[in-house]
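These are the residues of each chain, in order.
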Amino acid sequence: MSILEEISEFLQKGKRKNVKALIEQALEEGIDPKMILKEGLMSGMSIIGGKFKREEVFVPDVMMAARAMNVGLSILEPKLVEAGNEPIGRVVIGTVQGDLHDIGKNLTAMLLKGAGFEIYDMGVDVSAEAFLEKAEEVNADIIGLSALLSTTMLQMKEVIDLLKEKNLRDKYIVMIGGAPITNEFAEEIGADYYTPDAASAAEAAKKAVESK
Amino acid sequence: MTNRENLLSLLRRQGYEHVPVEFVLCPHLQELCKEKLGAEDYEEYFGFPWRRVDDLKLADQDVEKFRKFYERPLAEGADIDLWGVGHEKSPNSMHMTYMRHPMEDMETLEEVMEYPFPDFAHADGSHQPEQVKKIKEQDLVALGDMQMTIWECAWYMRSMEELFCDMGDENEIAEFLFDKVTELSLIRAKAYANAGVDVLFLGDDIGMQHTIMMSEELYCRWIKPRLKKIIDEVKRINPEIIIFYHSCGFIEPMIPHLIEAGVDVLNPIQSECMDFGEIYQKYGDKISFHGTIGTQTVMPKGTPEEVKEAVWKNLDIAGEKGGLFVAPTHMLEPEVPLENILAYVEACRTYRRS
Ligand code: B12
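Sequence lines, in order, name chains C and B. Counted the way my numbering counts, the first sequence spans residues 2 to 213. Counted the way my numbering counts, the second sequence spans residues -13 to 340.
Source of the hints: derived by calculation from the structure; they are not laboratory data. Cβ coordinates follow ideal geometry from the N, Cα and C atoms, glycine included. One should not assume that every hint holds.
Stated by the list, open to error - Here are the simulated lysine to aspartate or glutamate pairs, DMTMM-like style, with alpha carbons at most 25 Å apart:
1) B:K210 with C:E7
2) B:K176 with B:E123
3) B:K75 with B:D110
4) C:K54 with B:D155
Unchecked claim - Taking beta-carbon pairs under 10 Å as the criterion, some of the chain C residues facing chain B (in silico):
5) G51
6) F53
7) I89
8) G105
9) S128
10) L150
Starting from the given sequences, assemble the full structure and let the hints guide the process.
See below:
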């Protein structure tokens, strides 16, 4: 097994210390930090995401893998900046106004990060105005909205309506998700993508920015 | 049958004479019921078959001592509960709060061990036998409500992400914390059992909309044995006690484990996540059910007719032995029309087996 495959394996098992040690070793061996990111961390996150989608692993496994990814990224990031590595896109994500559930939103953010996106996590109870303001500020590609309550899912429409009102609807890809959300609902309010789980969200986001 | 006998017999799948009603209203709907129906106490107004008995009373009620555990201070006006968990309010989310976790930043076992857990060992339970007696005298079932028993209790203090990582790392923090909350829950559970409650309501959320929250393996390693320990001890005190267990979401793979742990009645069987007919067919001879009327779908969005049909359909599935205490699956939120609540009640009261 190559060292990058090993990093990916340990990441999938959530072994932060091993991931850290191996990345340091890989850097010493002169391996390109971008390669470590792609073939080590991102490949590991993509595999664990696939397993999560197929229900072979569950929330805890993804959380632990994401931890290991973050430990790895903290070592890699300075080198990546030096190398001028660009994210594949920017995502502003948050839970809509009135809703305080954030476990699914966090998981989605983790897997998007693992897929190479730069994430601006707005937290919970985020107003339509705040989403828009942040998206404009960071020049986002995607706005990701999460809602877990049948009451607050209606807030997603508010965000889309605000985009329309400001003539910015076409500028952003709007992705929505959360337990009560369905494809029909996404169509009804005019969102671009709905995915039932976080791993599919990362895949859809990648495709969406590629074809933008 | 008396009211009490009716519910207990229904829960034991030994037949019943009338269909009891029960639900939980959010503050907004409570106000609405007062205004529109003159229902000062909705449990009494609608004739719920049970009443809650108060938990043990702690000698030390001071929650300010927990504030120092929040490195990032709690928002102004936040409440702290007796476990030290912070609940921050939001002007946009009505009665709902955002939870903050006092143990989230702890890194060592020592820090966790020094945490001022609520001292239930020296708490006062003298009111409990008295309350139980009163409730039974009114021909009602006495209920001890102890949801968030082990997993959620530990998760709320430590944060889900930290706790899952502790469990995955097999570290001492997870072992200590789960042992500690089990010890404290056991004290409360035994007090309820000794006071004579008919029903003890336990619970820990282990389901999500379409999948289980953690693997069966992880559940069985950390939580199932501790739940079983509590139930075993309680049933040693009173073999007749009925154990309810709550978990939202899809939990089908967990049901055999819960049965093995000693659960008698499962709540809420979210209709959006599991098919009651299927679940009943598989497990209906070993366990009873409470809930099944969806609060994501039919209660807020259905017509009164649809609510009634859902109630009747599920009662038909359970059949004449009972085994289904039919009720909405969760607290009713502001968007649920009053007509639908009344339709649920009417459906229960007018049910005739088809
Ligand atoms: C955990 C939980 C809580 C926790 C939340 C902790 C936290 N920090 O998030 C606590 C206990 C605090 C809580 C509180 C409440 N809850 Co709650 N909760 C749940 C529960 C059990 C699981 C949700 C969860 O975290 N799942 C795990 C994650 C991983 O799954 P997920 O969120 O669905 O996310 C996945 C996908 O949806 C998707 N996804 C998520 N977001 C996004 C975003 C994008 C852009 C994309 C593409 C994808 C995506 O990817 C994720 C991973 O695959 C659900 C049950 C259920 N059926 O879902 C109830 C549930 C959502 N809660 C419910 C309720 C009613 C409440 C309360 C109102 C209870 C109350 N009366 O106080 C409060 C509301 C607080 C508020 N204002 O938000 C109801 C909602 C019913 C309804 N009417 O819609 C549910 C369905 C339970 C039920 N029995 O009915 N809850």
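Outcome of the hint check:
no.	hint	in the structure
1	B:K210 with C:E7	violated, 34 Å
2	B:K176 with B:E123	holds, 22 Å
3	B:K75 with B:D110	violated, 30 Å
4	C:K54 with B:D155	holds, 23 Å
5	G51	violated, 14 Å
6	F53	holds, 9 Å
7	I89	violated, 25 Å
8	G105	holds, 8 Å
9	S128	holds, 8 Å
10	L150	holds, 7 Å
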